[in-house]
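*Asks:* Sequence:
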Amino acid sequence: MSLNQTRDKIVSVADMLFRKFGFQKTSMDEIAKTSRKAKGSLYYHFSSKEELFREVVRNEINVLKAKSGDVINNSEYGAETKLKKYIMVRMEVLHQSDNYQKTIQPGQIDHFEFLDDIRKNLDAWEKEQLVKIINEGIDRGEFVIDMDAGVLSDMFIMILKGLEIPFFLQNKYREYLSCFDGMLKILLKGMK
1 MSLNQTRDKI
11 VSVADMLFRK
21 FGFQKTSMDE
31 IAKTSRKAKG
41 SLYYHFSSKE
51 ELFREVVRNE
61 INVLKAKSGD
71 VINNSEYGAE
81 TKLKKYIMVR
91 MEVLHQSDNY
101 QKTIQPGQID
111 HFEFLDDIRK
121 NLDAWEKEQL
131 VKIINEGIDR
141 GEFVIDMDAG
151 VLSDMFIMIL
161 KGLEIPFFLQ
171 NKYREYLSCF
181 DGMLKILLKG
191 MK
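Per this note's numbering, the very first residue in the sequence shown carries number 1; after that it's consecutive.
Think of the hints as simulated: they come from the structure by calculation, not from any bench.
Beta carbons are placed, not taken as given, at the ideal position from N, Cα and C, and that holds for glycine.
Wrong hints could be hidden among the right ones.
Stated by the list, open to error - With a cut-off of at most 30 Å between alpha-carbon atoms, the simulated DSSO-like pairs for lysine-lysine come out as follows:
| hint | residue 1 | residue 2 |
| --- | --- | --- |
| 1 | 185 | 20 |
| 2 | 20 | 49 |
| 3 | 132 | 85 |
| 4 | 185 | 85 |
As the list claims (entries may be wrong) - Between beta-carbon pairs, the in silico distance windows are:
| hint | residue 1 | residue 2 | range |
| --- | --- | --- | --- |
| 5 | 183 | 135 | 20 to 26 Å |
| 6 | 189 | 43 | 52 to 58 Å |
| 7 | 8 | 159 | 34 to 40 Å |
| 8 | 171 | 151 | 28 to 34 Å |
Make the full structure from the sequences, and use the hints.
*Replies:* This is the structure:
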């Protein structure tokens with residue numbers, strides 16, 4: 001097995017164990033045992049459990065970026081459609097991102113300070129994408145707003161992050177999924 005295959009196997013097993021037991025209750029010993037790798041092999045690839053968890057969460061974020069990028073870069077969609085689809089994709093991917101969800105639990109965020117750079121990177125990336133969509137909508141005449149696109153994107157991000165706890169941690173995502181379209185209409189109506 002190559003070094004990359006070994007690393008991928010470790011990350012895959014860690015992802016599964018972190019999902020099942022959480023960060024605190026998953027040990028490097030358990031990851032080594034389940035992946036059938038020597039503990040030294042884990043430490044060859046990752047200096048700590050925190051670094052391994054960072055990689056697992058980073059992979060979830062990369063899925064979000066890839067799937068969102070498909071929507072954002074689709075030239076067949078207008079800005080309004082891109083914004084709607086982006087929000088839908090974002091919420092669906094994060095709904096499936098169990099490890100990311102664990103990092104946003106109230107009272108747990110301080111325990112995951114080692115993920116601050118990943119969070120900041122996601123926020124910056126998300127803002128950049130939303131500004132791109134908003135400016136495209138303004139340029140095409142789809143949106144008529146008298147507000148800076150950066151400020152508006154920050155507001156969208158605050159709204160979306162505000163939905164994360166009830167949707168993902170209180171398991172209301174599926175319950176309110178059918179209401180997303182109406183919520184998006186309300187949010188977008190003021191931009192037209």
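*Asks:* Taking the hints in turn, state whether each one holds.
*Replies:* Here's how the hints hold up against the structure:
Our distance criterion of 30 Å between C-alpha atoms is broken by residue 185 and residue 20, whose separation comes to about 37 Å. The straight-line distance between the Cα atoms of residue 20 and residue 49 is roughly 16 Å, inside the 30 Å bound, and the hint therefore holds. A threshold of 30 Å between alpha carbons decides the hint, and for residue 132 with residue 85 the separation of about 14 Å falls inside it, so the pair holds. At most 30 Å may separate the alpha-carbon atoms for a hinted pair to count; residue 185 and residue 85 meet this at roughly 12 Å.
For the pair residue 183 and residue 135, the beta carbons lie near 23 Å from each other, so the given range of 20 to 26 Å is met. Checked against the hint of 52 to 58 Å, the C-beta distance between residue 189 and residue 43 comes to roughly 54 Å, which is consistent with it. Separated by about 36 Å at the C-beta atoms, residue 8 and residue 159 satisfy the suggested range of 34 to 40 Å. For the pair residue 171 and residue 151, the beta carbons lie near 32 Å from each other, so the given range of 28 to 34 Å is met.
Hint 1 from the earlier list is the only one contradicted by this structure; the remaining hints agree with it.
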